[in-house]
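Colleague: Given chain A's structure and the hints, the job is docking chain B onto it.
Number of protein chains: 2
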Amino acid sequence: MDLVWLVPITGVLAVLFALWLARDVLSRDTGTPAMQDIAGMIFEGAMAFLRRQYGTIAILALVVSVVISVLVTAVSEGVKEIVFSGGALQYGDIVIEPLREGVLTGVAFLLGAFASGLAGYIGMYISVRSNLRTAAAAQKSLRDAITVALRGGAVSGFLVVAMSLMGVSGLFFVYTNLLGTPPAIAPFLIVGFGFGASFVALFAQIGGGIYTKAADVGADLVGKVEAGIPEDDPRNAAVVADLVGDNVGDCAGRGADLFESMSAENIGAMILGVAIATVTGQMGWILFPLVLRSFGIVAAMVGLLTVPMFANDEAKTMKNPMSALNGGYYVVSILSVVGLFICTYAMLGEYWFPFFICGVVGIATGIAFVYITQYYTAGSWRPVQEIAEASRTGPATNIIIGTAVGLETTAATAISIGLALVISFVVGEQAHIKDVPGYTSGIFGTAVATMGMLMSAAYILAMDTFGPITDNAGGINEMSHAPSSARDITDALDAVGNTTKALTKGYAVASAGLAAFLLFSAYLDKIKERLGIPLVDSLPIDLSSIDVFVGGLLGVMLVFVFSSLTIRAVGTAGSKIIEEVRRQFREHPGIMLGTERPDYARAVDITARAALHEMIFPGVLAVGLPVVVGLLFRFLRDASVTVNGQTYENASGWLAVSGMLIIGTIGGIMMATFFNNSGGAWDNAKKFIEAGSMTDASGEVIKKGSPTHAAAVVGDTVGDPYKDTAGPSLHVLIKLLATVTLVLAPLFVG
Amino acid sequence: MDLVWLVPITGVLAVLFALWLARDVLSRDTGTPAMQDIAGMIFEGAMAFLRRQYGTIAILALVVSVVISVLVTAVSEGVKEIVFSGGALQYGDIVIEPLREGVLTGVAFLLGAFASGLAGYIGMYISVRSNLRTAAAAQKSLRDAITVALRGGAVSGFLVVAMSLMGVSGLFFVYTNLLGTPPAIAPFLIVGFGFGASFVALFAQIGGGIYTKAADVGADLVGKVEAGIPEDDPRNAAVVADLVGDNVGDCAGRGADLFESMSAENIGAMILGVAIATVTGQMGWILFPLVLRSFGIVAAMVGLLTVPMFANDEAKTMKNPMSALNGGYYVVSILSVVGLFICTYAMLGEYWFPFFICGVVGIATGIAFVYITQYYTAGSWRPVQEIAEASRTGPATNIIIGTAVGLETTAATAISIGLALVISFVVGEQAHIKDVPGYTSGIFGTAVATMGMLMSAAYILAMDTFGPITDNAGGINEMSHAPSSARDITDALDAVGNTTKALTKGYAVASAGLAAFLLFSAYLDKIKERLGIPLVDSLPIDLSSIDVFVGGLLGVMLVFVFSSLTIRAVGTAGSKIIEEVRRQFREHPGIMLGTERPDYARAVDITARAALHEMIFPGVLAVGLPVVVGLLFRFLRDASVTVNGQTYENASGWLAVSGMLIIGTIGGIMMATFFNNSGGAWDNAKKFIEAGSMTDASGEVIKKGSPTHAAAVVGDTVGDPYKDTAGPSLHVLIKLLATVTLVLAPLFVG
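Residue numbers (the numbering used here), protein chains in the order written: chain A, 9 to 758; chain B, 9 to 758.
Be a bit skeptical, because a hint or two may be false.
Identical copies carry no separate label here, and so any pair may be met within one copy or between two of them.
[What the hints assert, rightly or not] In silico DSSO-like pairs for lysine-lysine, Cα to Cα no more than 30 Å straight-line:
no.: 1; residue 1: Lys324; residue 2: Lys584
no.: 2; residue 1: Lys584; residue 2: Lys712
no.: 3; residue 1: Lys712; residue 2: Lys232
If you are wondering where the hints come from, they were derived from the structure by calculation, not from laboratory data.
Computed from a predicted structure; not experimentally measured.
Okay, chain A solo, but in the shape it has when bound (with noise of 0.2 Å):
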C-alpha cells in the first residue's frame, strides 16, 4: 500500500498546527503594563540578535552554496544510473551531468540553510512572545502556565519538524517528477539540504551558545558577585541579555540542532534505501523515512493535546510538573509504536516486521535517554548529589567531583547506542531480503531505529522550548515584582526547564549516534558511486591504514580544539558585557540607587556583536579542516585499496576523511555527553543546595551565601558554557562532519 500521500498532508497539518497553537498562545492575557515593557525588551533584544545573526549566516550560506555548485561542477565526472543486473547494483549511463549535479546541490544547499532558517525565526518569535504570557498565566494557574508554555515551544517543535520533512520530500518530488531525475538517483542530489541545514545549526548553535553564557556569566559576574546585587535583577544592564540569551540558545539553537538531524537522517536514509529499492524494484524503501516521519508528527500532536490532562490534579502536579509532560511523551512513544506498525506493515511488505523491532528499538532508546540523563542530572540522585557534598570542601572538589560524575555519565551513553546500533543491525540482517546483502539491511535496520527515535522530535523540541519560555516568564515576573504565588509556580516551571532542557540534549547527542552509523555508510555509497563500485558490494575502510589511523586522530583533535575554542569565546565575549556594565554603572551613578534606567539594549547589543565576531573562527575551522585534511591527502599520499580483486589507486584523500569523520564522531559523541551532564549536574547540585536540602556538622540547614552554596556556584558557572556552548556545538559539529564530507565526497577521490 502506498502511503506517500500522507507526507504532503501531515506537513500541511502541522504548519496549521503550528500556526493555530501560534493563535491561540498570541491570544491570551498579557499582564501588567510593567511585564510588557520588560518582555518588550527581550522581544527587541532577540529579534535584533537573530537579525544580526541570521544576516552573518546568510552571506556566507550564499558564498558556500555558489563554492559547492563550482566545486562540484569542476570536480564530477556525473552521475551514473543505478540498475539491478545479473544479481547485483550496477552502473549505467551518467543521467546527471556535472553541471546539473553542482547545481542541483547548490540549490538544495541553499534551500535547506533557508528552511532551517525560517524554521528557527518563527519558533523564536513565537518563542519570545510566550514568556509575557506563561508569565501572566501563572498569575492564574500552573495548569494555565503550563499550557500556555508548552503550546508556544510546540509552534518552533512543529515548524522544525514540518519544515524539514516538506523541504526533503518537495526537493525529491521536484528533483524526480519535475525535473526528471531518476529517484534513485535524487538522494544523492538532495544531500545539499542536509548540508545546508547543517551549516546553519552550526553557526546559530555556536553563535547562540556564545551569546547566552556570555551574557549569563557577564551579568552573573559583575552583578552577584562585584556589585552584591540578586540575579534578575532591573539595575543589572546584562540582564535583559541575559533573558535573550536563553531563548537564542535553547530555542534557536536546538531548533536548528533537530532540524539538522532529522534531514540528515530522512536523506541519509533514503540514501540507504536506494540499494535495496533497486534490487527489489519497490521504491517504497526510498520513500518509507518520510511517510514515517509524517506518523512520528500526529503522534506528536496528539501527545501534546494531551498534556493538560495530565496536570489536572493542581497540587500534585504542583509537587512534579515534569510528570505532566512525562505522562504526554508516554502518549507520543505509544501512538509511534502504532504508527511504525501501520508504516512498516504496509510500505515494507513481507520484510515488515524485523524493521517494526528496529523502530520499537530506537523509541525505546529515546525513553531511556530521557530516564538515564534524569538520573544524572536531577537532584533526586547519587550523582547529584555527591557533587554537593564535595561543595562542603570548597570549589576545587566541587569541581573534581563534578568533572567525575561528567566523565562516568558517558558509559551509559556509549552501552546504551552500543547496544541500539548492534540489536537494530543484527535485526535488520534477519530480513534476508532477496538478493540484498546482509549487511545492506542491517544497516536499513540501524536506519529505522534512528527514525523512531526521532518520530517523538516535534514533541521533545516543544518540551525543550518550554524551558528558555518559563525562564524568561521567571524573569518578568521577578523583575516586575509579580505576586509570590505566580513565582513559586514559575520557579516550578524553571526547574522543569532545565530538566527539559537536559533531556533534549541526552536526545540530540543519542539520536546523534544512531545516525552517525548511517551517514558514514551513505558516504562510503557516495565513495562507491563515484569509484564505479556496486552499491551493495562493501569497501573496506581499513583501521590499519595509516591514513586513517592519522584522519581519525585529526578527526578527535578537531572535537577537542572545537571546544577549547566555543568555552574560551564564552570568555571572551562575556568580559566585554562586563565591561560595559562596568561602564554604565560608573558614568551613571543613579542606576545603582534605582533612579535611572540601564541602557539594555546597548548591553544586548554588544553581547551579540562580541557573539558574532567569535562564532566565525571555529565554525570555519569545523567546516573547513575537513576538506583541508581530505585534499592534502588526497595530494600527498598515494594508498591503494583493493575491491574484489580491483584496486583503486590515490584513495588517501577519502580513508583520512573517513578516519576523520567516524572516528571524530565517537569523540564528539563522548565529549558532548560529559560537557552536558557535567553541567546539568553541576547546576542541580547548585539548585539541591538552595533548596535547603543539606545541613552542616551542628545540623543547621545550609543557605545561600554559605561558603560550601559558593563553591557549588562555581561549579555551576563553570558547567554553563560546558553545557550550553561545547556540548550542543559539538552535536552540530558530529552532523556537520557528516554532511560536509557527503556532500565533498567528490573532491578527496583522486
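Modeller: Chain B alone, transformed into the frame defined by chain A:
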C-alpha cells in the same frame, strides 16, 4: 655487520653505571640529624607503601600468569612455522605445541612483571636516599645539588632501561638458543613480557597516582585551608605522606610506565621485523630494535655525564637551571643520531638510509614534544599567563580558561604525532625491500621512529625522577629550617622539577602515540597468524563494520570511565587522610602548639591502604573490559571477513577488539594530553602569581593569599588529580590495551 654482541654488553654496562651512580650518591654528605630524621620517615613510608603495593600486585600477577597460561593453552592450536616460499610468507608445520605456547607466554609475563617491579623498587630505594643528599648538597652549591639529584634520578632511569633490554633480549636468547624456538616465532611468545610489564605499570601508576594526589590534596585541604598552617608544616600529620607520594607517583609510576613503553615497543618492532627478516633471510631485522636501544643507553650515559659542564656558571644556572638539563639532552640527541647511523648502516644493509631518516624523525619528535610541553605549561608563555589573568575574576574563570587551554594543547600533540607517523611511514615505504610490500616496510618505518624517540629514555627518566628528589629535598630543608640560601636553591630546582615532570609526561604520551600504530600492526599479525593468513598480506579492519564501530565506542568509553574512576579515587582516598589528620589535631592538642609530634607513620599507612583499595577496580576494569567485549562479540555476533577471496567466519570478536584498541588509543592519547597539560598549566599559573608577576588595578603586586591567588589555588588543586593521576594512568592504559589484546588475541578468534 652483526652488532648483537653489543646488547648484553650495554645491558651490563648500564647496570654497572647505575650502581656506580648509586654508590656516588650514597657516599655524599647526609646533612644534619634533623634532616636525617625527616628523610628517614620519608624513606620508611615510601618503602612500606612499595612493599604493600608490590605485595598486592605480585598476587594479582601470579593469578593472571596462571590464567594466561591456561587460557592460551586451552584455545591455542599451536604456533606454526613461518617460511618464505612462492614469493609470499606462508605457514608451515606447528613448531610450538599449545601447552608450550601457554607456559612460555605465562613465564614471559611473570618475568616482565618481576623485572618491572624490581626496577621500580631499586630506583625508588635510591631516589628516597638521594633527596637527603640533595638537600645537604644545596647547602653547598647549586651545581652539586643538580648533580646529586640528577644522578639519583639516573639510577632509576638506567636500571629501568637495562632491565627492559636484558629482559627482552634474555628471553629471546633463552627461547631461541636454549629452547630451540625459531627466531621468527620467539617474538610472538615474548609478548607475555610486555603484558607483564603493562600489568605492573598499570597498578603501579594507578596506585601511585592516587596515593600521591590523595596525600597532596588531603594535606592541602586540612592544613592550608582548615588549620591555616603553611605547606610542608611539620605539624601537619599528612606532610610526610605528601612527600612520600611524590616518589611513588613520579618515580615508581613513571619508571614502570616507560619500562612498559620500551618493552612493548621493542617486542612489537621485533614482530614487525619478523615479516621482513623471513623474506630477506636476514635476522638483523628482528634484532635491530635491541641493538638500537643499546646505542641509546650509551648516548644517555655520555649526555648525563656532561650535565655538570653546562652548570659551570653558577649565577646563570641559578636564573635558569633548566638550561643545564637541556644541554645534556642535546648531547644525548646528537649522539643518538650518530648511533642511529652506525646501527642502521651496519644492520639494515642497502636499505639503511630510509630507516635512518625515520629514526631521525623520531628523535626530532622527542625534541618537539619537549618544547611543546614547555610552551603550554611554563609561565613564560601565553597559555599559563592567560590562566593567571583569568584568576582575577575568580575560580570559575580560572577553571574555564584552564580547561580551554588544556583542550587546545591536543592540537600540537595530534599534529606532531600525525606528522611523525605519516613521514616515517612514507619514508619507510620508499625502502622498497625486495619481495616486501610497501605497507610492511612503512610500518617498520614508524617503529624505527618510535625507537629513535625512545633512545633517550634513560636520560628522560633521570630528568623525571630529578623532580620528586628535588621536591623532597625542598621539603626536608623546609621542615628542618635549613638556611634560606639552601632553600632558594631547592626552590629553583623544584620549579625545574615541575617542568621535567611535565616533559616526561609529554614524552610518554608521544611515545605511546607512535607505538600505538606498530602495536596494532603486531596485534593484526597475531590474528593473521591464527587465521593462517600470510603475514605480509593486509587484513582490513573495516571501520564501517558495526563490530568495529561499537568496539571503538566502548574503547573511548573505557578511557572516560577509567579517568572518572581514578579522579574520584583521589577524592575518596583524600577524605580518609583528612579524617585522620583532623582526629590527630582533635585528640592531641599538643600537635598544633608544636609540643607534640604528629603520628606521620599512621597517616602514611592510612593513605597507602586507601590508595591500594581504590586502585583495584579501575585496574581490573582496564584489563577485563577488552576481554569481556572480545568474548561477547565473539559469541553473540558472527560477522565474516574476506581476504584474498577467502572468507573467515566468526570475526566479530577480534573486529570489536580492534576497534576498541585503536579508537580507544586515539581517545586516550587526547584525554591524557588534556589532563597532563591543563594540570601543568594550572600549577604554573599559581606559581606565576606567587612569583609576584602580576599587579592589580592600583599597580600593587598581587600576593599569596589574595582572592586572585586563591582562585589560582583552586585551579591547581583541580589540576592535581588530572596531571598526576588520570593523565599518567591513561598512558599505561593505552599500552595495556595493546599488550592484553596481543597476548589474548587467540581468545577472540572464533
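Colleague: A separate judgement is required for each hint: does it hold in the structure or not?
Modeller: Right, here's what the structure says about each hint:
For the homomeric pair Lys324 and Lys584, neither the shortest alpha-carbon distance inside one copy (45 Å) nor that between copies (43 Å) is at most 30 Å. Proximity of Lys584 and Lys712 under a CA criterion of 30 Å is satisfied in both settings, with 28 Å inside one chain copy and 28 Å between copies. Both within a single protomer and between protomers do Lys712 and Lys232 lie at most 30 Å apart by alpha-carbon distance, with minima of 12 Å and 25 Å respectively.
Comparing the model with each numbered hint stated earlier shows that hint 1 is the single one that does not hold.
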